[in-house]
Amino acid sequence: MNEKHKKALVKGNDAVAMGAIEAGCRFYFGYPITPQNEIPEYMAAHLSDGRGTFIQAESEIASINMLLGASATGARAMTSSSSPGISLKQEGLSYMAGSEIPGVVVNMSRSGPGLGGISPSQGDYFQATRGGGHGDYRVFVLAPDSVQECYDLTMLAFDMAEKYRNPVLILGDAMLGQMKESLDPKTYRPTGTFDKSWILTGAKARPGRFLKSLYLDDGELTEHNWKLYRKYLKMREDVRYEALWLEDAELVVVAFGSMARVLKSSVDMAREEGLKVGLIRPITLYPFPEVFIRGTSRHIRHFLVMELNTGQMVEDVKLSAEPGARVDFFGLPPGMLPAPDVLLGEIKKVYPSAASAPKERS
Amino acid sequence: MKQVFKRPECLIDVPFHFCPGCHHGLVHRLVAEAIDEFQLREKTIIAASVGCSVFMYDYFDVDVVESPHGRAPAVATGVKRARPDAFVFTYQGDGDLAAIGTSEIIHTANRGEKVTVFFVNNTIYGMTGGQMAPTTMIDQISTTTPYGRDPEEAGYPLHMAELLAMLPGTAYSARVAVNSVKNLMQAKKATKRAVQTQLDRAGFSFVEYLSACPTNWKMSTEAANRRVQEELIPCFPLGVFKDRRAGQGEDPKRAKE
Amino acid sequence: MATATAEKKASVIFREDRCKGCGLCVMNCPRHLIVLSDRLNDQGYPVAEITDMDKCNGCALCAQMCPDVVIEVWRS
Numbered sequence: 001m002n003e004k005h006k007k008a009l010v011k012g013n014d015a016v017a018m019g020a021i022e023a024g025c026r027f028y029f030g031y032p033i034t035p036q037n038e039i040p041e042y043m044a045a046h047l048s049d050g051r052g053t054f055i056q057a058e059s060e061i062a063s064i065n066m067l068l069g070a071s072a073t074g075a076r077a078m079t080s081s082s083s084p085g086i087s088l089k090q091e092g093l094s095y096m097a098g099s100e101i102p103g104v105v106v107n108m109s110r111s112g113p114g115l116g117g118i119s120p121s122q123g124d125y126f127q128a129t130r131g132g133g134h135g136d137y138r139v140f141v142l143a144p145d146s147v148q149e150c151y152d153l154t155m156l157a158f159d160m161a162e163k164y165r166n167p168v169l170i171l172g173d174a175m176l177g178q179m180k181e182s183l184d185p186k187t188y189r190p191t192g193t194f195d196k197s198w199i200l201t202g203a204k205a206r207p208g209r210f211l212k213s214l215y216l217d218d219g220e221l222t223e224h225n226w227k228l229y230r231k232y233l234k235m236r237e238d239v240r241y242e243a244l245w246l247e248d249a250e251l252v253v254v255a256f257g258s259m260a261r262v263l264k265s266s267v268d269m270a271r272e273e274g275l276k277v278g279l280i281r282p283i284t285l286y287p288f289p290e291v292f293i294r295g296t297s298r299h300i301r302h303f304l305v306m307e308l309n310t311g312q313m314v315e316d317v318k319l320s321a322e323p324g325a326r327v328d329f330f331g332l333p334p335g336m337l338p339a340p341d342v343l344l345g346e347i348k349k350v351y352p353s354a355a356s357a358p359k360e361r362s
Numbered sequence: 001m002k003q004v005f006k007r008p009e010c011l012i013d014v015p016f017h018f019c020p021g022c023h024h025g026l027v028h029r030l031v032a033e034a035i036d037e038f039q040l041r042e043k044t045i046i047a048a049s050v051g052c053s054v055f056m057y058d059y060f061d062v063d064v065v066e067s068p069h070g071r072a073p074a075v076a077t078g079v080k081r082a083r084p085d086a087f088v089f090t091y092q093g094d095g096d097l098a099a100i101g102t103s104e105i106i107h108t109a110n111r112g113e114k115v116t117v118f119f120v121n122n123t124i125y126g127m128t129g130g131q132m133a134p135t136t137m138i139d140q141i142s143t144t145t146p147y148g149r150d151p152e153e154a155g156y157p158l159h160m161a162e163l164l165a166m167l168p169g170t171a172y173s174a175r176v177a178v179n180s181v182k183n184l185m186q187a188k189k190a191t192k193r194a195v196q197t198q199l200d201r202a203g204f205s206f207v208e209y210l211s212a213c214p215t216n217w218k219m220s221t222e223a224a225n226r227r228v229q230e231e232l233i234p235c236f237p238l239g240v241f242k243d244r245r246a247g248q249g250e251d252p253k254r255a256k257e
Numbered sequence: 001m002a003t004a005t006a007e008k009k010a011s012v013i014f015r016e017d018r019c020k021g022c023g024l025c026v027m028n029c030p031r032h033l034i035v036l037s038d039r040l041n042d043q044g045y046p047v048a049e050i051t052d053m054d055k056c057n058g059c060a061l062c063a064q065m066c067p068d069v070v071i072e073v074w075r076s
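From first to last, the protein sequence lines are chains A, B and C.
By my numbering, the letter at position 317 of the first sequence is numbered 317, and the numbering carries on one by one without gaps.
By my numbering, the letter at position 4 of the second sequence is numbered 4, and the numbering carries on one by one without gaps.
By my numbering, the letter at position 35 of the third sequence is numbered 35, and the numbering carries on one by one without gaps.
These are calculated hints, taken from the structure and not from any lab test.
Predicted, not measured: the structure shown is a model, and the values here were computed from it.
Quick reminder that beta carbons are idealized off the backbone N, C-alpha and C, glycines included.
Worth double-checking, as some hints may not be accurate.
Calculated pairs, EDC-like style, for lysine to aspartate or glutamate (alpha carbon to alpha carbon, straight line, at most 16 Å) [as the list claims (entries may be wrong)]:
{"id": "1", "chain 1": "A", "residue 1": "Lys212", "chain 2": "B", "residue 2": "Asp200"}
{"id": "2", "chain 1": "A", "residue 1": "Lys204", "chain 2": "B", "residue 2": "Asp85"}
{"id": "3", "chain 1": "A", "residue 1": "Lys348", "chain 2": "A", "residue 2": "Glu247"}
{"id": "4", "chain 1": "A", "residue 1": "Lys276", "chain 2": "A", "residue 2": "Glu346"}
{"id": "5", "chain 1": "A", "residue 1": "Lys204", "chain 2": "B", "residue 2": "Asp36"}
{"id": "6", "chain 1": "B", "residue 1": "Lys189", "chain 2": "B", "residue 2": "Glu33"}
{"id": "7", "chain 1": "A", "residue 1": "Lys204", "chain 2": "B", "residue 2": "Glu42"}
{"id": "8", "chain 1": "B", "residue 1": "Lys6", "chain 2": "B", "residue 2": "Glu33"}
{"id": "9", "chain 1": "A", "residue 1": "Lys212", "chain 2": "A", "residue 2": "Glu100"}
{"id": "10", "chain 1": "A", "residue 1": "Lys204", "chain 2": "B", "residue 2": "Glu231"}
{"id": "11", "chain 1": "B", "residue 1": "Lys6", "chain 2": "C", "residue 2": "Glu72"}
Only part of the chain B face toward chain C is listed, based on derived beta-carbon distances under 7 Å [said to hold, decoys possible]:
{"id": "12", "residue": "Phe5"}
{"id": "13", "residue": "Lys6"}
{"id": "14", "residue": "Pro20"}
{"id": "15", "residue": "Val181"}
If you anchor each label on the Cβ, the simulated ranges turn out as follows [said to hold, decoys possible]:
{"id": "16", "chain 1": "B", "residue 1": "Ala246", "chain 2": "A", "residue 2": "Thr187", "range": "44 to 54 Å"}
{"id": "17", "chain 1": "A", "residue 1": "Val239", "chain 2": "B", "residue 2": "Lys189", "range": "54 to 64 Å"}
{"id": "18", "chain 1": "C", "residue 1": "Asp17", "chain 2": "B", "residue 2": "Glu9", "range": "14 to 24 Å"}
{"id": "19", "chain 1": "A", "residue 1": "Trp226", "chain 2": "C", "residue 2": "Arg31", "range": "56 to 66 Å"}
{"id": "20", "chain 1": "B", "residue 1": "Pro146", "chain 2": "C", "residue 2": "Asn41", "range": "27 to 37 Å"}
{"id": "21", "chain 1": "A", "residue 1": "Gly117", "chain 2": "B", "residue 2": "Gly239", "range": "32 to 42 Å"}
{"id": "22", "chain 1": "B", "residue 1": "Asp139", "chain 2": "A", "residue 2": "Arg130", "range": "42 to 52 Å"}
{"id": "23", "chain 1": "B", "residue 1": "Asp58", "chain 2": "A", "residue 2": "Arg130", "range": "27 to 37 Å"}
{"id": "24", "chain 1": "A", "residue 1": "Lys196", "chain 2": "C", "residue 2": "Thr51", "range": "48 to 58 Å"}
{"id": "25", "chain 1": "B", "residue 1": "Pro146", "chain 2": "A", "residue 2": "Trp226", "range": "39 to 49 Å"}
{"id": "26", "chain 1": "C", "residue 1": "Ser76", "chain 2": "A", "residue 2": "Trp226", "range": "49 to 59 Å"}
Only chain A is shown next, with the shape it has when bound in the complex (with noise of 0.2 Å):
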């Protein structure tokens, strides 16, 4: 790329795609899927020819597998999707974060359940967060919000996968995936150094490696589990979030990827009214924030979690708050993004008057 740090009016999911080969992405798999497909198609236009390697896949399991092996060889690889193609990787992604093999995983979703639309929606966070793949394991989980964040958070998320040898996935939406913004093709500069003392490469004057995440001794498995745990703790020196306009809020609206920055709209609107609202944006769901929304309910005891789904972050918002902190949501299942004053008035719905105002802790 000749002009790296000229901005160009770039579309979100072609952003990803240069997040990743600027990070030195070189093994792309996947298929097609709406509203993502620009990922792909990018990839196979800039991997082709002996850059690296583009395969579209026969299935999203097939790719999250192709993943798993070019990144058992130490190999920085990415496959993405949408909702219903991330659904069939999690097998794929339990079984990497067992045998602790890095990977990057993109998912644009779209609106479930099941084929649901192609509209946007955030009804994937149970997904992205829980693991909808079995076993006590956890995903490193992005949440952009903007086209330079998709291609900012996807170099990172390269540096993650490989700093804790686990799976990230990114979680952005159909509206992020297809929208066009300004984008700063920045320098991908490494934000450390990562052991790569196990990947396969072939065993060259050494025994033989293995990765695999079946151990079936007397306690091999529960050690290894409390390992997985001890590491998934440790992610949280990496957890990111966005606080805006805090310090004197009487209401924090908490809330992530697209409705944030349709949101960073209302509350300004807010603010320019004389409400005293205030945002908080997770930017990793995993690590959640859990210690600086406790932190912050210290002091701001009214927060409004709104979603595009119905209800699904709200819970982690009020596993973090101090008890006897309101937690009110608002959440609006898959379909078109509200404008910024729509939220406004769900804002003003809740926000505190002077007579019902929680009391400050004392």
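Since the structure of chain A is provided, determine the placement of chains B and C on it from the hints.
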């Protein structure tokens, strides 16, 4: 005196977990001998599968990655594309390859991925206790076909070696058996030929090994071996169905130049 | 471990701890020199053994047909 038979070098010196008389041990040994003979230990990466063969990483002193059930050919694809100079193979049973994994095996062959697949066909599910497999023969008894496989209800045994030979991406496809000395020697040849196909980068290579499962067939070792000869081979003929480098079995209209 | 005497045409060693008594060696020895003995190994399997080492010519078919790599063969 010189030693004329010993354990292959790359086969780790531990007991096999297989049942007495199981043919997995023979096929493991043939594959290990090929790795030794072609000096591939340091270049081999195995995509292991699920079934009685799941413990491959305990037996071969090479790099191994475990794959979900049926997906080993896709995992092998990822491995080989990332490490084109590695010798990459899968080793799968009839449930893994011909039931849950039909999509992956066909498309891996169809893309002509330069990997090798060793397919152990014993017409039954071993690890899970003897249920019907896609390769279970008509009238064969299994725990889920207690009255014998009825094609009206349960379909017909799949013939994978022939199926895969039809695909232009396949460069070598053969079916062998290991129930007799004569058949074992042919099986060894096919194993080496499949390995050579990958080393020559000629395309996808595949060997199907008809095998006995005395435990789940509920037979003695001797009876099980006889069954391979008298029942399996007539149903699943032995032979080389395609050998591109020998100019055999290729449809000239469909073959790549 | 059962061992064979040294001055013969061939020498065969059975690793009895690995034998599963499957009998494939018994079936495939062209001279019918191998039997399943009464002795059980630690796994509880009756171990295979060669009855008459003098008649063995080291063809190694027993070793070829053993699924558990129990047998090693030497030939002069």
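To see whether the hints hold, each was checked on the structure:
The straight-line distance between the Cα atoms of Lys212 of chain A and Asp200 of chain B is roughly 30 Å, outside the 16 Å bound, and the hint therefore fails. Simply put, Lys204 of chain A and Asp85 of chain B have alpha-carbon atoms about 13 Å apart, close enough for the 16 Å limit, and the pair holds. Distance hint between Lys348 of chain A and Glu247 of chain A is unfulfilled; the C-alpha atoms sit about 19 Å from each other, more than 16 Å. For a cut-off of 16 Å, the pair hint linking Lys276 of chain A to Glu346 of chain A stands: about 15 Å separates their Cα positions.
Restraint check for Lys204 of chain A and Asp36 of chain B: satisfied, since their Cα atoms lie roughly 14 Å apart, inside the 16 Å limit. Annotation: proposed proximity of Lys189 of chain B to Glu33 of chain B holds, straight-line Cα distance about 11 Å (limit 16 Å). At most 16 Å may separate the alpha-carbon atoms for a hinted pair to count; Lys204 of chain A and Glu42 of chain B meet this at roughly 4 Å. Straight-line distance between C-alpha atoms of Lys6 of chain B and Glu33 of chain B comes to about 10 Å, which keeps the hinted pair within the 16 Å bound.
This hinted pair checks out: Lys212 of chain A and Glu100 of chain A have alpha carbons roughly 8 Å apart, not beyond 16 Å. About 44 Å separates the Cα atoms of Lys204 of chain A and Glu231 of chain B, which puts this hinted pair outside 16 Å; it is violated. The suggested pairing of Lys6 of chain B with Glu72 of chain C holds, with an alpha-carbon distance near 5 Å, which does not exceed 16 Å. Among the interface hints, the one on Phe5 of chain B holds; its C-beta lies about 4 Å from the nearest C-beta in chain C, closer than the 7 Å criterion.
This hint holds: Lys6 of chain B has a C-beta 5 Å from the nearest C-beta of chain C, less than the 7 Å allowed. A distance limit of 7 Å between C-beta atoms decides the matter here; for Pro20 of chain B the minimum to chain C is near 4 Å, and the interface restraint holds. A hinted interface residue such as Val181 of chain B counts as satisfied when its beta carbon comes closer than 7 Å to some beta carbon of chain C; here the least separation is about 5 Å, so the hint holds. Evaluation of the 44 to 54 Å hint for Ala246 of chain B and Thr187 of chain A yields a pass: the beta carbon distance comes to about 52 Å.
Separated by about 59 Å at the C-beta atoms, Val239 of chain A and Lys189 of chain B satisfy the suggested range of 54 to 64 Å. Restraint check, Asp17 of chain C to Glu9 of chain B: a C-beta distance of roughly 21 Å satisfies the suggested window 14 to 24 Å. Here the CB-CB span from Trp226 of chain A to Arg31 of chain C is close to 58 Å, well matched to the stated 56 to 66 Å. At roughly 35 Å, the beta carbons of Pro146 of chain B and Asn41 of chain C sit within the given window of 27 to 37 Å.
Remark: the range hint 32 to 42 Å for Gly117 of chain A to Gly239 of chain B is contradicted by a beta-carbon distance near 52 Å. Taking 42 to 52 Å as the suggested C-beta distance range, the pair Asp139 of chain B and Arg130 of chain A conforms, at roughly 47 Å. At roughly 33 Å, the beta-carbon separation of Asp58 of chain B and Arg130 of chain A lies within the given 27 to 37 Å, and the hint holds. Distance hint check for Lys196 of chain A and Thr51 of chain C: the Cβ-Cβ separation is about 56 Å, which falls inside the suggested range of 48 to 58 Å.
Roughly 43 Å separates the CB atoms of Pro146 of chain B and Trp226 of chain A, a value that falls within the hinted 39 to 49 Å. In this structure the supplied range 49 to 59 Å holds for Ser76 of chain C paired with Trp226 of chain A, their Cβ-Cβ distance being about 58 Å.
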